[in-house]
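Residues 822 to 976 in the numbering used here are what the sequence shown spells out, letter by letter.
These are computed hints drawn from the structure, not numbers from a lab. Even glycine gets a Cβ: it sits at the ideal position worked out from N, Cα and C. Be aware that one or more of the hints could be misleading.
In the BS3-like style, the derived pairs of lysine-lysine whose C-alpha atoms are separated by at most 30 Å in a straight line are [claimed, not checked]:
hint, residue 1, residue 2
1, K885, K848
2, K960, K972
3, K885, K856
4, K837, K960
5, K964, K885
6, K837, K857
7, K885, K857
8, K837, K964
9, K851, K837
10, K972, K837
11, K857, K972
12, K885, K851
13, K885, K837
14, K960, K885
15, K856, K837
16, K964, K857
Per label pair, the in silico range of CB-to-CB distance [claimed, not checked]:
hint, residue 1, residue 2, range
17, T974, H927, 16 to 26 Å
18, T974, T861, 16 to 26 Å
19, K960, D884, 36 to 46 Å
20, K857, I966, 28 to 38 Å
21, V975, L881, 29 to 39 Å
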Amino acid sequence: MSLLASPKEVQFNFRKLRQDFSSGTLKEGKRLYEKKENCTARIVSCTASSFLIEASVTGLFSDKHVCQLEIDRNHSSIILSHCDCSNQVDCLHIACALYYIEESFHRMLLQFLEGESTEASTTTKKQKVIDQGLKEAKKASEKKIQHEQEKITVK
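Let's have the full structure, built from the sequences with the hints guiding it.
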């Protein structure tokens with residue numbers, strides 16, 4: 822059974838989704854996105870509170886990067902994000918993926934819903950790997966926040 826009655830029920834505030842990125846990263850991500858044919862994305866899973874999206878982005882030097890984003894459905898915020906590039910924060914590949922998702926979300930949602938009706942609802946090995954990656958990204962983010970809070974406390 823689908824968590825959505827209609828794709829029109831899902832609307833994101835993409836301006837709000839981009840607010841955590843620096844303006845420089847957003848500009849680089851948009852420039853990368855505008856090259857076209859360098860990004861693909863799909864919805865991996867959907868819950869009552871979030872979407873898990875996986876994107877493949879070809880970087881500036883033709884290197885491929887895999888990004889995962891978990892987006893809160895109710896608050897239009899990124900819960901977790903991870904990219905396999907060396908940047909831990911302000912990743913232009915994730916920014917590029919956001920521009921792609923903004924343009925393609927309803928098509929992605931329809932593809933997800935069509936696949937949901939034909940696939941069994943079992944967790945695949947790939948999903949487990951993605952889930953593990955998101956857990957690791959969350960731990961890394963929590964450590965970074967804790968480290969930043971400690972630096973503020975010391976000052």
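Here is how each hint holds up against the structure:
no.	hint	result
1	K885 x K848	holds, 19 Å
2	K960 x K972	holds, 18 Å
3	K885 x K856	holds, 14 Å
4	K837 x K960	holds, 23 Å
5	K964 x K885	holds, 27 Å
6	K837 x K857	holds, 23 Å
7	K885 x K857	holds, 14 Å
8	K837 x K964	holds, 24 Å
9	K851 x K837	holds, 16 Å
10	K972 x K837	holds, 28 Å
11	K857 x K972	violated, 41 Å
12	K885 x K851	holds, 17 Å
13	K885 x K837	holds, 27 Å
14	K960 x K885	holds, 24 Å
15	K856 x K837	holds, 24 Å
16	K964 x K857	violated, 35 Å
17	T974 x H927: 16 to 26 Å	violated, 45 Å
18	T974 x T861: 16 to 26 Å	violated, 43 Å
19	K960 x D884: 36 to 46 Å	violated, 26 Å
20	K857 x I966: 28 to 38 Å	holds, 35 Å
21	V975 x L881: 29 to 39 Å	holds, 37 Å
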